[in-house]
Amino acid sequence: MTPLEQSGTATAVETSRLEKLERIWRDPSGFWGWFTHVNHRSIGKRYMVTAFAFFLAGGVLAALMRIQLARPENHFLSPDLYNQIFTVHGSTMMFLFAVPMMFEALAVYLVPLMVGNRNICFPRLNAYSYYVYLVGGLLLYSGLFTNTGPDVGWFAYVPLSGPDFTPGKRADIWAQMITFTELSALAVAVEVVITAFKMRAPGMSLNRIPIFVWGMVIVAFMVIFAMPAVMLSSTMLLMDRTVNTHFFNQAEGGDPILYQHLFWFFGHPEVYIIFIPGTAIVSTIISTFSRRRIFGYTAILLAMVATAFVGFGLWVHHMFATGLPQMGQSFFTAASLMVVIATGTQVFCWLVTLWTGKVILKPPMLFALAFFFVFIMGGLTGVLMASVPVDLQIHDTFFIVAHFHYVLIGGAVFPLFGALYYWMPKITGRLLNEAAGKWHFWLFFIGFNMTFFPMHILGLRGMPRRVYTYPTSMPWGNLNFLATLGVVLMTAAVLIFIANFFWHLKRGEIAGNNPWGASTLEWATTSPPPVYNFAELPTVNGRDALWDALPNQPIVEGLEEDCRQVLMTKVMDADPDCRHEFPGPSPVPILAAIATSIFFISTIFTAKLFFPTIILVGITLLIWYWPKRQPSLRRKEREIWEQ
Amino acid sequence: MGTINQPRPVLDVSRTPTVVFGHRSVIWWGQFGLMLIEGTMFAIFIATYFFLRTRDTDWPPGFSLPALKWGTINLSILILSAIPNQWLKKKSEEGQLGAVRIGLIAMSLIAIVNCAIRALEFPSLNCVWDGNAYGSATWTLIGFHTFHLVTDMLDTVILTLVMFFTPIEGRRFEDVSVNSVYWYFIILTWIATYLVIYWAPRWL
Chain E
1 MTPLEQSGTA TAVETSRLEK LERIWRDPSG FWGWFTHVNH RSIGKRYMVT
51 AFAFFLAGGV LAALMRIQLA RPENHFLSPD LYNQIFTVHG STMMFLFAVP
101 MMFEALAVYL VPLMVGNRNI CFPRLNAYSY YVYLVGGLLL YSGLFTNTGP
151 DVGWFAYVPL SGPDFTPGKR ADIWAQMITF TELSALAVAV EVVITAFKMR
201 APGMSLNRIP IFVWGMVIVA FMVIFAMPAV MLSSTMLLMD RTVNTHFFNQ
251 AEGGDPILYQ HLFWFFGHPE VYIIFIPGTA IVSTIISTFS RRRIFGYTAI
301 LLAMVATAFV GFGLWVHHMF ATGLPQMGQS FFTAASLMVV IATGTQVFCW
351 LVTLWTGKVI LKPPMLFALA FFFVFIMGGL TGVLMASVPV DLQIHDTFFI
401 VAHFHYVLIG GAVFPLFGAL YYWMPKITGR LLNEAAGKWH FWLFFIGFNM
451 TFFPMHILGL RGMPRRVYTY PTSMPWGNLN FLATLGVVLM TAAVLIFIAN
501 FFWHLKRGEI AGNNPWGAST LEWATTSPPP VYNFAELPTV NGRDALWDAL
551 PNQPIVEGLE EDCRQVLMTK VMDADPDCRH EFPGPSPVPI LAAIATSIFF
601 ISTIFTAKLF FPTIILVGIT LLIWYWPKRQ PSLRRKEREI WEQ
Chain X
1 MGTINQPRPV LDVSRTPTVV FGHRSVIWWG QFGLMLIEGT MFAIFIATYF
51 FLRTRDTDWP PGFSLPALKW GTINLSILIL SAIPNQWLKK KSEEGQLGAV
101 RIGLIAMSLI AIVNCAIRAL EFPSLNCVWD GNAYGSATWT LIGFHTFHLV
151 TDMLDTVILT LVMFFTPIEG RRFEDVSVNS VYWYFIILTW IATYLVIYWA
201 PRWL
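Line by line, the protein sequences give chains E and X.
Counting in our numbering, the first sequence runs from 1 upward without gaps.
Counting in our numbering, the second sequence runs from 1 upward without gaps.
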């Protein structure tokens with residue numbers, strides 16, 4: 001046990017202090033209490049469970065599509081239902097699973113623990129973001145179940161999604177689902193940036209922030225600059241459809257290409273928003289399971305920043321087939337190839353870490369290593385497609401489907417499963433079963449390659465994307481059947497994981513504080529952590545907080561413990577700066593989220609409700625803000641103004 | 001608590017301040033995040049406007065030019081309002097309740113006047129949102145700014161009420177200071193929006 005880790009034994013004085021801390025930081029239990037939670041781990045777990053449920057739902061839709069495509073001239077699904085299913089599958093995986101899981105869930109749960117603090121910044125906004133996300137997801141599925149599921153592809157290109165070609169409410173539901181989920185991601189992005197910049201344990205200067213937290217900060221900034229583009233484009237689409245604006249209507253001076261520019265200005269960074277957390281997870285797992293510090297901390301960090309910057313200059317490579325000027329295409333080809341430099345840097349740093357470390361092959365590590373294989377495969381086909389002539393040849397074929405599943409499942413789902421095996425002991429206090437983990441891994445790895453590798457060949461043989469079925473005469477039947485068989489293996493793998501999860505809740509081995517001997521601060525506290533995260537707030541003496549701790553590493557003292565006061569530190573060196581009191585449990589986040597949902601959903605149907613419903617939102621925000629008398633008086637008595 | 005029995009060295013933070021301003025304040029950071037997001041939206045929307053400009057030879061296509069009067073009056077008021085705004089920000093950071101109350105009333109009135117003039121601006125745009133893409137872009141851009149203007153007007157009015165009717169603590173002065181920062185955002189985005197809406201059709 002390192003000096004920073006906290007043991008379970010305590011004196012009577014300490015016990016009474018901990019009971020008091022528990023009373024102050026605990027959120028109420030019970031049915032109604034559930035709606036007032038503001039603890040970041042409580043909200044983080046909800047994000048995880050909800051995003052995983054949407055992953056399963058998206059997976060079921062994928063399986064339905066694979067059954068439909070398993071043999072030629074199949075009529076398992078109707079063409080219309082098939083269109084809804086591939087749209088909802090893509091939208092679910094991108095907006096309801098990938099970003100909420102890789103960014104919101106992991107960042108909300110882990111970042112405050114990793115920087116050694118007691119909650120995330122703006123805890124009520126955090127709870128609000130969750131409810132908004134949940135309603136957005138339910139909206140999409142209520143559409144699907146009432147035969148109003150969007151059927152215009154996950155990017156809802158105009159003119160297909162415009163008022164002329166898609167009457168009804170299908171595309172509007174898609175557009176507002178975007179508003180819900182992006183609002184939620186933007187709220188979490190702001191919280192994560194502030195938590196990482198202002199709430200770090202004393203001593204954790206910028207160059208000692210764990211790579212995982214850096215990854216989340218970089219993603220948060222990408223969210224802040226990318227998501228507004230899609231909120232705007234989907235709002236403009238909604239306005240074209242409901243109040244007769246003409247942004248994308250060529251007859252009145254609009255342009256459908258504008259939609260593609262706006263969408264991909266978000267859409268390409270979105271890919272990196274999904275896989276940068278994946279690389280941050282891999283860096284963390286590889287360091288822990290190679291039993292050494294990560295090689296090239298600064299290089300990895302700069303590579304992530306470079307990927308983020310370059311990620312904003314690539315969007316046009318999704319539009320090579322739209323007939324843009326050749327000069328522009330060359331620029332975007334070059335920029336697309338540049339990403340390889342940054343990603344390559346990270347891969348080489350991981351290889352050196354592995355090479356010079358003592359590798360332990362536990363399930364988290366297996367998934368991290370599979371990430372290498374799968375993601376690099378996807379990256380290589382990506383390099384091919386950055387070339388305009390190749391892109392034009394394979395555009396809208398199954399080759400593209402193969403490519404982005406290699407990148408996204410390789411870049412996000414494999415690291416995610418690694419992360420779940422790695423951090424589950426912290427979340428639940430017990431280890432997942434290792435043998436089951438290995439079964440899960442091999443079935444998923446083999447099933448994944450069986451499903452998606454044949455799609456490369458199908459694409460090269462000319463099979464277009466988004467077709468409902470294909471004639472027997474095309475040479476596609478066998479490979480499609482193979483791909484569908486792979487889904488069986490992946491399904492089995494995920495079922496094993498779910499069974500393992502429920503098994504481990506009762507029977508898993510007790511984890512203890514730090515089962516992997518890892519170096520970051522979340523392992524300094526008990527598993528699961530108490531409601532106040534750390535009984536003694538830690539200080540940090542090096543880049544690997546637990547490995548570098550002094551035998552008598554100081555602890556933080558002097559916070560008021562009869563309210564939820566937290567320590568704020570300075571941005572650069574994390575010296576103590578000031579103290580701030582966080583709010584306690586509250587029903588206002590859910591009230592505001594309900595009002596927001598009424599506002600967003602009403603605009604699908606009529607513009608007339610715009611003002612009444614937005615006033616409703618305003619009222620809930622007013623209740624949210626209006627100061628409470630008692631806490632104000634208490635704070636007033638003790639306040640110290642800055643000099 | 002730890003593995004050793006002797007007391008651990010401590011870092012005592014009990015004398016650090018609880019009322020801070022500018023980049024030390026959490027609320028300021030939250031506001032900063034919001035301005036980054038909203039600023040990005042303005043930037044992307046203005047880019048959209050100019051993209052649509054390239055799709056037509058005439059600009060404005062099929063409408064007469066927007067009349068300058070009310071927009072320019074609003075611009076002048078907004079730019080001049082920076083003076084009382086800065087004074088209010090300074091007084092809030094000094095914790096002077098009386099001055100802050102006066103400043104808030106003044107800024108509320110200014111914001112209400114801005115909103116009233118804004119209502120007169122819409123007819124003087126000389127176009128409709130459902131006429132063509134130019135009209136859609138113009139109305140949406142000014143509508144987006146109006147949304148922010150009205151929001152900050154309401155914020156300022158509510159803060160005024162709070163400073164009169166609830167117990168005063170240091171945090172409220174942080175709120176006032178941050179609200180003043182947001183008013184600068186309103187001014188800056190209006191300068192950009194004004195130039196695009198009223199002058200881009202004249203210059204381009």
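What the hints contain is simulated information worked out from the structure, not anything from laboratory work.
Each hint should be verified, as a subset may be incorrect.
Some chain E residues well away from chain X (every beta-carbon gap over 10 Å; in silico) [said to hold, decoys possible]:
| id | residue |
| --- | --- |
| 1 | 67 |
| 2 | 76 |
| 3 | 309 |
| 4 | 427 |
Sample of chain X residues at the chain E side, in silico, Cβ under 8 Å [unchecked claim]:
| id | residue |
| --- | --- |
| 5 | 17 |
| 6 | 41 |
| 7 | 116 |
| 8 | 118 |
| 9 | 122 |
| 10 | 157 |
| 11 | 204 |
All C-beta atoms in this analysis are idealised placements derived from N, C-alpha and C, irrespective of residue type, glycine included.
To see whether the hints hold, each was checked on the structure:
{"no.": "1", "hint": "67", "result": "41 Å, holds"}
{"no.": "2", "hint": "76", "result": "42 Å, holds"}
{"no.": "3", "hint": "309", "result": "15 Å, holds"}
{"no.": "4", "hint": "427", "result": "22 Å, holds"}
{"no.": "5", "hint": "17", "result": "4 Å, holds"}
{"no.": "6", "hint": "41", "result": "4 Å, holds"}
{"no.": "7", "hint": "116", "result": "17 Å, violated"}
{"no.": "8", "hint": "118", "result": "16 Å, violated"}
{"no.": "9", "hint": "122", "result": "15 Å, violated"}
{"no.": "10", "hint": "157", "result": "11 Å, violated"}
{"no.": "11", "hint": "204", "result": "14 Å, violated"}
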